[in-house]
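Asker: Based on the hints, put chain X in the right spot on chain E.
Line by line, the protein sequences are chains E and X.
For the first sequence, the numbering used here gives the first residue as 1, with consecutive numbering after it.
For the second sequence, the numbering used here gives the first residue as 1, with consecutive numbering after it.
Just so you know, these hints were derived from the structure itself, not from any lab.
According to the in silico footprint, chain X covers these stretches of chain E (three or more CB under 8 angstroms from chain X):
hint, segment
1, 14 to 20
2, 57 to 65
3, 78 to 89
A quick note: this is a predicted structure, and the numbers were derived from the prediction, not measured.
No residue lacks a Cβ here, since even glycine has one placed at the ideal position from N, Cα and C.
Listed here are the chains, written in short residue letters.
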Amino acid sequence: MGERTVREGWVEPGLAEELPGLAVYWLTVGARPGKTPAAVRDRMRELAGRITGARVVHSRQDPVPWSYRVLWRRLGVDPDSDRTPVEALMVERLERGGLPSRGMPDDAIVVATLETGVPIVVADAAKLSGGPGLRPAATGETLGGPEGTLRTGEVVYADEQAPLARLDGQVAADRAVGDGTTTMAVCALAAAAVAQIEVEEALWIAADMLEAAGAVATGRVEGSNPGRTQ
Amino acid sequence: MIDLLERQGTSAQPLQPGTTPDERPARRALQAQIERLEGDLAGLFSASWPRKGLKLGVDLRSDRPRLRDLGELEQIRDALAERVEDARRDLRERHAVEDANRRLVEDMLRRPESHRWVRVGNADIGEPGCHHWHVVPRWGFIGMFANWWRVKISSGCPLAT
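Excised from the complex, chain X in its bound form:
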């Protein structure tokens, strides 16, 4: 027994496993995650329209289509997850700003004199088109000095369908 322990204690090489780990469950799990994240990203892309300035592309170098090893699949999954999380956060922040702008438009209509020269467009509330609300004085200089203000609502491009 002591002889056996001594022999094991002087061994320089660690024992190697006699089998190769099966990567298939891990690959299947990663493929499923990639599918789900791509679906989430597509949903965010649709939800973000027509807003501009939101980053929805994935920071990963595109390559010719081929089977990926486990490390590459993890990279793809991680890049997608990061982009989905960032996009969700950015969209939430944008929604908050747009909600505030909608309340601003309501207040402009109620009390235009409190929002002199303020202009809010459809892009500010997350809507498509060129529609905008602009607080301007009634009758020019007379309105400016008499504190008569109104909201001028423009429907945008005259040729828009």
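Next comes chain E alone, as it looks inside the complex:
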């Protein structure tokens, strides 16, 4: 595992003043997309077993998921219909009876988000212009693709040139992880009252899994257990 530096992204001043504590943290990791290793699938299976109906109900009062519900509410989003990322994953687990594997980096995002409650977004680092941050979208900006239209003023992840992703995790088509990706930018959204250590833990979990999956795919490491253990 190489050295990784967690960096704090930028927040548009008006947004920072209105929502103190809102931040984005990110790091880069050398990794390629691909099939999820068996160890990660086992971890997802174990994680799915811990998510019960009672836990999902009471998670609303857990500090981290609650902080994102408050953020959603403050931004005019009803968290009961447009769920926060962690609640969306929990409800999906209940509806499907498990956590289906979708390959890397999606599975790394699922594990990191469910373990910590912190939303994670992964993009192709080579296609970013500068570090990511948060700002309102300008008129006419899009993420590309049929469902990429952004509303004016919509709070989005962005780099120095264009919007990067929605808060719910939809990444811009031209910056999403693809077959040619060799370095990934892992971004975490920090709401007010969410400690930086919790955000960093989410980033490390995702980065560890992505790096180890890449290492297994290239044959450099065998039998590793990607991600942190409980």
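Answerer: What follows is chain X alone, placed relative to chain E:
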């Protein structure tokens, strides 16, 4: 002086303030209220489980995330406050009904003959599971005619963990 008063009396336009009101204190107050109300609603949601039929969603159209103006923040705050108040009242009423049902179960166990065929389930007392109490006659028709009644307690689904 009279000339000045006359000039002021004939002015058609009201004086406009030379400054813009600072909305920041009001916005901060509304954001804090929204945070507190969302916490109250989350607490009520947890407290209401496993009851069904309680309305805990907020009647407000969801939108893409963006900074809201003062009016919109007030709407969100008011919708949350209304839902919290309604949910508290509904939960209080439900608790009262459940308390009455618990007393009914106690009386059924003491005097089953006074509650013939009455059936009370876990949902009626706010508990999870399929457990229920049912007053039935002992030995069928013989018990019915001899006024021998008992409470049959069912533990619910045989495969429940």
